[in-house]
Amino acid sequence: METFSGLLQGFQVALEPVNLAVAFLGVVLGLVIGILPGLGGTSGVAILLPLTVFIAPTSGIIFLASIYWGALFGGVITSILFNIPGEPWSVALLFDGYPLARKGRAGLALTAAFLASIFGALVAVAIFSFLMKPLAEFSLKFGPPEMFAIMLMAFATFVGLGGAAPLKTVIMLVTGLLLAMVGLDVVTGMPRFTFGTITLLNGFHFVPITIGLYGLGEILASAEEGVAKLVGLQGRVGWRDLRETLRELKARFLTLLGSTVLGFWVGILPGTGATPASFLGYGIARQYSKEREAFGSGKLEGVIAPQAAAQAAGIGALLPMITLGIPGSPTAAVLLAGLFTWGLLPGPQLFVEKPDFVWGLVASMYLGNFMALLICLLAVPLLAAIMRTPYAILTPFIVLISLVGSYVIQNSLFDVWLTLLFGLVGYVLKKLRYPLAPLVVALVLGDLAERSLRQSLIMADGSPAIFFTRPLSALFMALAFLLFLWPLLRPALARLAPRPLEL
Amino acid sequence: MKRMALWSAVFLLAFVAVSWAQQAFPQRPIEFVIMAGTGGGADRYARFISALVDKHRLSPQPLLPVNRPGGAGAVAMNYVYSKKGDPYVIVITLNSFITTPLIQRLPFSYRDFTPIAMMGLDTFMLWVPADSPFQTAKDLLDAAKARSLTVAGTGSKQEDEILFRTMERRFGLKPFRYVPYKGGGAVAAALVGKQVEATVNNPSEQLSFYKDGRSRPLAVFLKQRVDQPLWKDVPTIKEATGEEIEYVMMRGIFAPGGIPEEARRWLTGLMKKVFATEEFQKFLLDNALFPKFMPGEELGRFVAEFSAFHEGLMRDLGWIQ
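One line per chain: the protein sequences are Y and R, in this order.
1 is the number of the first residue of the first sequence in this note's numbering; add one for each residue after it.
504 is the number of the first residue of the second sequence in this note's numbering; add one for each residue after it.
Isolated chain R, as found in the complex (with noise of 0.2 Å):
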């Protein structure tokens, strides 16, 4: 009887693992870790990327977006860092991805996250108030050499201050005042309301003022001009001033480190179909984001390389050893 139940136990056993083994990943929802709060530009990629994959079926499982805000970051690396091998746990990106673990020395970096896809990358701009005396870039760092000029930025030792501090290196500009914000429209706010001289915002965080005329994009930190309409006219940071500065910062997808290889490649396949929709096309045209979408593989060679970048930057301006 005892031997019986036994074998029937094993029986059972084989049976669940042998039909677990066939159901196709995801068997549940996917929690899709934001690394910042409520609202700000990761937060509303996340969103709407889990938005879209409910309203096109992409997904016979949900993902579940969840807010772990806190550590520019640190707090939710750790969490997706300590579910290793878990595929059901993702992570939407901001350039602290790269730059906290440094920064902070974290027990961990880029290296023991997994790769799904990039899904755009977003270009930064020098940005003046309309009526603010310089009229083009040269003119706004022929008056940064001479006086130091205010400027706003998100949080401190991030995107924006690595982007102003690289700019007085390689002009040789009188060290910026910079003044941290929390978030990428409160920055906007206080340039429009002329708290201070030049910000260096996305270009989505300040739409809404440059269409109503209140602030001027000077020049963008890339190779090349953005190709779109309303952009086509602001020339390259190289065109403006000779020097070439190009600065992006990377809305990527990574799960935890290990994960199964089926998993990922469903993953990336599942990030390349919202990609693909209609509105998140729209999406990156309004928002003049840089449309780049990079399966795994390719993520994971551009975040070597701009992990790099930014190591060797932090290192020159004495920010880690």
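Chain Y extracted, bound-state conformation (with noise of 0.2 Å):
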């Protein structure tokens, strides 16, 4: 009950004139940040914060959470019309989503992309709003092992992606999480595989590599085609697609549902966030899917599954910001300094003390949601028009933001000659055949997999039977072997199962 008369109060204040203006003002800003490359809606939410100071604090943590909803939707945009990731967590749209425009579906792609960010953005609303205080609760008994058995589970689900060969999968998988080693490392605190320079200190982000990788590699595939081939991709758009993508995400709706609950629950544990999730979504329904092998080559799955999921881990992750002031991504945790500028202090005498502002950034997570939604939605025909210019016009374009993204990221020229060799390393692995999307994965999730790999035994003592002692873990890593082992089972099972008697 405190739920409805929370929502009812929060809605009295997210409907009022100005927190309406703001949000919108926000959604758009999100959209803008989250179509270019690099400029991510974290760093956008940190550079717009210092404006909030100048309007009260439940206007000011709308605006900033409208941003980030606006920056979830627009990163969809570039990823799949320019196969260059608008933000991290955009990145596993590409693996399908640019694949479906190639083949003239980019308004479809879109629709899809849009319509899974709305479903896995109300289905966590929901489950924030109702169940807040005992989920944030029980993401506290989330230690190091339950974390690095969830990784395990992500890892598990993409070996053999792409269709490759195995071993050309194991050796890109090994190849990026050998890049995630080098920099800082956190256990023993000194420099790792940086050959003493400072640069290197820091890691290589995987942005740049993946802009490199995947956009700029696919220019110069297309180079050598020949341009001629490019030109005129079909955008046929209209509402053809949104019944299409309804009818689809009909059919799709298990799968939808579990990346949406999935993402939701990895975006509420700390220091994960929506990019992650989208692995996972993207993971798990492609291991469940019947037809495996068409992801890669533009499955619609391959889109809605990543982007529910990255919805949804971006609503979770303000939920033990809220609850408990830990904040469950980068994002959140910007939204959290937020917090203490206006003066607020989270957790739960927040909702004691502030409850208008609580419920309000609850309601303003439905109407934002569905602001942005409308806008992308009227936009699609325009988007899809961009798809129609002609590529020699096109390409310089794309290329020249993907190199300023690159720099945004971490104002750093370093960045950028990163980017541009990956582009080249990205071609020759394209000719060569091999699957770029395991090394993507493994570089992002190689840093959070090992460090708690690493956590857990130390806190056992060096002895790995931590992950299989404790419930919860036990649990998640029987999961992980399972989903390891799914495509040999599955065969196996069907065999089993009694046939219907042939006559």
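Treat the hints as calculated values from the structure; they're not laboratory data.
Please read these numbers as outputs of a predicted model, since none were measured by experiment.
All residues carry an ideal CB built from backbone N, CA and C; glycine is no exception.
Hints are supplied without guarantee of correctness; some may be wrong.
Which residues of chain R face chain Y? A few of them, derived with a C-beta cut under 10 Å, are [claimed, not checked]:
hint, residue
1, P563
2, N581
3, R680
4, Y684
5, F712
Quick one: dock chain against chain with the hints and give me the complex.
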């Protein structure tokens, strides 16, 4: 009941003209930030945070959170249309989103991603509204062993990704892990594989590498194939896409719900956020699909699952921030900084002392996401029209925003060189038919997986038994192994099942 | 004709030079480097300070916070170090400003930077979960003499581990099982989730759990108690155990070495104005920070002492030769 009265109060707050206005402004800014690669939602929120000292805290949080919702939507566009990630969490959309666009189905891919977003958002907000406190409580039981087991689940789903030879997948996974190792070793505090340079101390950021591998690599490959082929990708758009998407979403309801719930949960866990969630969503959808091999060549499920997971994770990340004062993602960490700036203290007291603030934020999650959806759907025809621009005009523009995007992430020129280098690497790997996705996944999750593994081992004096003696961890480890073996098990299970009598 | 062009160019240059010299610092926005990623303590400070500068119009030009994370601060320090003589870059520090150059044997040290102002000292407390069997710091230390306790902290060979290792040596404890986490918030959650038995969080990191009755401070690592209603009952480590350990986190502002004296004075003045605002004072109070402002020279002396202290400590621990 507390929830209903709270929500009612929240909507009263969120529907005040000022708050509606800042929410709209936030969503629009977020969409722009999301579309521009490099300038991520996290830095967008951080840059605009000082502006909020001029407005009331409730309007401030609605403004900043709306930027986040907009950015979660906006990243989709760049990934699907240009094959470069608009946001870190849209990397998983490159795998199947861009191939769909290449097939002339950009409108369909975009519509599906946006609808998956709103689905993920609504389910997540509903869970958020009703189970806020118990979920935050439960997340505290998740220590390093449980985190490692979840990471293992993610890796298990990516074996054989892209339908390539298993050995090639393993080579790419290991390369990604090696790249993830460069930098300061968090456990010993000492530099690792930095060759004495200070630039490498920060390690490799995965976004410049992904922009190179996918964006520039693809452009180089297309240049070789001949520009003519790429002119006039069909931009067929309209209500038919919407209807087809809705049909598809209905057919994939379980996948969608599964990746949303999983994404939401990953978002709640501290230090993760929307990016790992999107990979997990993609991996799980692929693992359970009957057409695993089609993933990576433009499968609609490969677009909706990661996007629903990412959007749900974005909302999940705010849950521990509000209830416990622990940010669930980098963006939530900046919002937390906002809370302190406004002189508010997160935690259970916040519900008592500032209910209008908390519930105003929750209500704005509903409103902000709907605003983003409306703007995006209306823009789909326009966006798809971009694809009809002659490739010779579009390409230099893509290269330009790729390089600017690489620079902006960490204000580092080194990252620009990295993007160019990995553009060449991506081109060569493509020619040799090595799958790129396992490298990117290992690079993104490698640091988190390694840290949680080593933390667990320190806690257990080096004994791996810790992963199986803790009930939650044991459960997730078992799930990880099951996922890993699933491709082998399924045919066996199918054989075991009683067959209809053949007459 | 040629000669006239030359002369007019000389005059023009002279005019530009003179008018430029007359205009006061700052002429353009000042880059405010944060030695860590978004969302941490240093980040919170920097963004708060730059917001206050905007709000109260304390500067004709804004401070632009820029995160340069990586290498436990080495990336940010190297950047600021490379800007020698440029007063348009300032950096907000953690203690890694001192420890990182020592451990990683970097080609620069705190001496290569211009001290601007100290904006406060963060305190450290010894924390346990609310239902921990340890009622006092002495209980905890007695247990730690018999077995290795599992503890958590931010990073490795940084503030938290330094403090735990110092306790080990002073009290003759079994080595702690020290689990490094990425940030103070995660450390606080690990304690409340009972993943570990104790932490040495800054009060700001545990504040919401403490108010909610889920964690307890056993002692504060200061010479005297924190004189605030919320914290005045927390004993000093000396009161609790008889052994004095003082350790603080410095929130200092530094500029590159060799900046013009006029700019240095202006920056110190700006920080003093920020410190005096009502909002900043409330921020300090809310987060149990030690309200300590130091202008440049005093900060310089403090850092020299602080660095010598760390160097001795890290030599003792065998982290540096």
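Structure-based check of each hint:
1. P563: 16 Å, violated
2. N581: OK, holds: N581/R within 10 Å of chain Y, min 4 Å.
3. R680: Holds. Min distance 6 Å.
4. Y684: 7 Å, holds
5. F712: 7 Å, holds
In summary, the structure is inconsistent with hint 1 from the numbered list given earlier, while agreeing with all the others.
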